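Please build the complete structure, drawing on both the sequences and the hints.
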Amino acid sequence: MSETIVIAEIVKGVVHPTTSELITAAHALGSQPVVIVPCADAGVADAAAQFSGASKIIAAKSDVFSNYDAAGWAAALDAVTPAGIIVTSASPQSKDMAARLAARRGISVVQDVVKIEGGNLTSPIYSGKAMQTVSLSGDAVVTVRPNVFDASGNDGSGEVSVVDTTGNVATAVQEFMARASSRLDVAEANIIVSGGRGMGSPANFSHLEAIADTIGAAVGASRAAVDTWDDIPHSMQVGQTGKTVNPNLYIAVGISGAIQHLAGMRSSKYIVAINKDADAPIFQHADYGIVATWEEALPVLQSSLAAMMA
Amino acid sequence: MKKPADEVQTFINLFELVEVFLWSVSTMANIIVLVKQVPDTNARIVLSGDRVDLSAVKKVMSPYDEFAVETALQHREASGGEVTAVTVGGAGADKVLKDAKAIGVDKIVRIDCDSSLDSNALQSILASVVSSLGAEVVYCGKSAADTGAGSTGPGLAERLGWASVSHTTSVAFGDQLSVVTPASGGNARVTVPLPAVISCDKGDIKVRKPNVKGIMQAKKAQVDVHAVDAPASTVSIVSHSMPPAKPAGKSYQGGEAAAEVAQLLRDEANVI
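Chains A and B supply the protein sequences, listed in that same order.
First residue of the first sequence: 436, per the numbering used here; consecutive thereafter.
First residue of the second sequence: 169, per the numbering used here; consecutive thereafter.
These are computed hints drawn from the structure, not numbers from a lab.
All values derive from a computational prediction rather than experimental measurement.
Accuracy of the hints is not assured; some may be wrong.
To be verified - Computed far set for chain B versus chain A, every beta-carbon distance over 12 Å:
id, residue
1, Val277
2, Gln390
3, Val391
What the hints assert, rightly or not - Some chain B residues near chain A, calculated using beta-carbon distances under 7 Å:
id, residue
4, Lys370
5, Gly422
6, Ala427
Claimed, not checked - A partial selection of chain B residues facing chain A, derived with a Cβ cut-off under 8 Å:
id, residue
7, Ile213
8, Gly323
9, Ser346
10, Gly353
11, Thr359
12, Val403
13, Ile405
14, Gln421
15, Ala437
Built from N, CA and C at the ideal position, the CB exists for glycine as well.
So this is what it looks like as structure tokens:
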């Protein structure tokens with residue numbers, strides 16, 4: 436069995452809970468992993484000590500990790516990561532880092548893994564229209580889709596050791612531009628409320644936003660909505676030529692379920708579909724399907740969720 | 169007869185001319201854009217045995233590569249130079265190069281390899297060909313529509329020892345690039361020194377379409393074929409399969425049912 440190493444998922448400077456799922460995936464690949472936490476402040480790594488199933492925690496400390504730079508992160512992580520199979524998250528940033536780290540070691544990267552069985556790794560291809568299973572005959576970097584593997588648990592008591600590292604940063608951030616709205620991006624959200632052309636007009640997306648604000652969700656859109664209305668930006672687009680998302684809950688409103696939209700959201704843990712057309716393909720993928728106009732369903736959904744969250 | 173001061177002035181003028189010349193040479197860019205042929209994204213994918221069967225599927229340029237080609241052409245327009253489109257594949261992949269040529273690239277190169285490559289093998293052969301062609305910048309799509317992996321841009325950059333930025337939605341050209349890329353809570357404007365590999369997302373970019381002249385030129389264009397030896401792959405495909413079918417969900421009629429669904433999202437699904 437190969438040695439496994441987990442590189443913790445860092446979001447907004449803290450260890451993200453999905454790191455625990457990476458530990459589960461590493462066990463499935465063969466061994467109890469070392470968990471490496473990239474951080475500018477070693478205190479950040481303490482949060483990883485609670486996760487069950489790690490052999491030890493290494494806080495990889497470097498100013499390089501203050502801002503994301505692919506070259507700098509790959510170099511600084513390479514310096515402190517032992518040989519073996521490296522597991523990290525299939526978030527956009529970690530996939531980018533994983534590719535550079537693998538190239539730095541002259542090994543391959545397997546992205547977006549959703550299943551590990553008998554040493555074989557399965558990932559969606561053609562945006563989820565098919566699955567590909569591969570085997571490894573050497574070390575590799577493996578990225579794992581969030582919300583697929585179980586969490587490893589929270590009864591760990593791993594010791595954290597701090598190791599200083601560094602790497603040459605290639606790029607420089609000139610400025611951060613905060614999103615105009617404080618709402619989450621679909622790529623970052625655990626819950627997404629999406630609208631399609633069935634919403635009738637971009638102004639009606641305000642009803643989706645109200646629900647999103649109630650439950651802390653992001654607002655997404657289908658390609659048809661993005662292509663039809665200039666007010667719905669591409670950054671909201673979920674689907675094959677937009678973002679591929681994997682939330683716990685995906686609420687599709689007025690979305691028929693074109694193949695390229697399904698490709699971007701079908702692996703969501705739970706799917707709710709609201710559509711007035713009972714034959715819409717989206718219903719075949721919904722855990723909860725409501726045949727109704729959005730005008731009928733959304734006020735009820737909004738008030739029920741608001742009562743629940745109160 | 170010139171006064172010494174005039175001679176000095178002439179010398180300075182000459183010097184400036186040379187400097188302007190050198191400057192224009194230094195900013196003329198050798199630009200490479202990577203393109204990949206993939207199944208039409210609207211196509212249904214079917215299996216034959218335990219492998220996908222693409223024989224009946226129309227092949228197109230991977231959608232994000234179209235943004236990379238457009239960005240490469242805009243770079244050429246801003247700084248001068250030449251755009252070379254590079255793909256990896258068998259002779260059937262020439263079509264994607266001709267498509268790029270029709271849109272406006274100058275040269276087309278195919279790395280001749282028809283076998284399945286893992287990321288290490290693919291990036292190794294790309295790195296060797298990019299080095300031999302020579303380039304200041306490589307553009308590619310943020311991911312290919314078939315694998316969705318997004319490994320090629322950053323992996324190639326690492327092998328070349330270059331900077332890389334992925335998922336860019338805007339690129340401004342100069343001695344360095346200034347790109348916009350997603351960052352936690354919004355976007356960041358990032359300065360990228362050259363040489364660099366830039367993986368392009370859609371952003372606000374509108375891609376140009378081929379015109380008749382471009383299509384005629386593409387027909388006549390010669391593909392520069394490079395033979396390479398790829399290192400052995402350590403990732404092997406075991407099988408392809410269809411995604412697991414989802415068990416039938418619960419269905420409801422009428423908007424009032426949304427109240428029950430909301431409750432189930434909390435009690436049954438535990439997601440609210």
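We went through each hint and held it up to the structure:
no., hint, verdict
1, Val277, "21 Å, holds"
2, Gln390, "31 Å, holds"
3, Val391, "27 Å, holds"
4, Lys370, "5 Å, holds"
5, Gly422, "5 Å, holds"
6, Ala427, "4 Å, holds"
7, Ile213, "4 Å, holds"
8, Gly323, "4 Å, holds"
9, Ser346, "7 Å, holds"
10, Gly353, "6 Å, holds"
11, Thr359, "5 Å, holds"
12, Val403, "5 Å, holds"
13, Ile405, "6 Å, holds"
14, Gln421, "5 Å, holds"
15, Ala437, "5 Å, holds"
No hint from the list above goes unmet by this structure.
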